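Student: Work out the full structure, taking the sequences as your base and the hints as a guide.
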Amino acid sequence: MTSIPTRQSYEASVLLVALDPTARLWLDGRDPSELEGITVADDELAVPDTAPAAGSSAAVSSPLEHAVHAVDVVVVLTHDLARVDGEVVIRIGDAARANGILLGAVVVSPGARWTAAAAERSATTVREAADSVVVLDDMRLVLPFLQVLRGGARDGGLAEVSS
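Residue numbers (the numbering used here): 11 to 173.
No lab work stands behind these hints: they were computed from the structure. As the structure is a computational prediction, the values presented were derived from the model and not from experiment. We put the beta carbon where it would ideally sit given N, CA and C, even for glycine.
Label pairs and their computed distance ranges (CB to CB): (1) Arg-137 x Asp-41: 29 to 37 Å; (2) Asp-147 x Asp-82: 20 to 28 Å; (3) Glu-138 x Pro-42: 31 to 39 Å; (4) Glu-54 x Asp-147: 28 to 36 Å; (5) Pro-73 x Pro-31: 17 to 25 Å; (6) Ser-23 x Asp-104: 13 to 21 Å.
Tutor: If you want it as structure tokens, here you go:
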């Protein structure tokens, strides 16, 4: 097989936010090299903004605003829609819009998770907040999708989807 040469192309900076415990466990189980170029948000991004003290003219900005401002695209990841906090999704969506940042959502295995009322509400909230929603059948497809979204130089090899 002939090797495809490396070429340079646009490389997006990506902030990845796990919306539920299953997505967080999946992220925590990844080798850091698999997520090269992708910033994984920690749980403090879910903390609501704090209001400035009375009489203070200083603008208070949250960790979420700082994180969103520093990237090209924010991706929220969920595997269990019933466990997604809709308020967190709304805050992320508002912060992305305020900074002109693309917000994408990756929903994995929704068919098994959309029967509960909470899952249906979360699905609606995610669809309303995100600029684009991608539905994947399997967590194995998340990493190759994120690599394609991120772009940048590649060694010419095809991404391998392992089980």
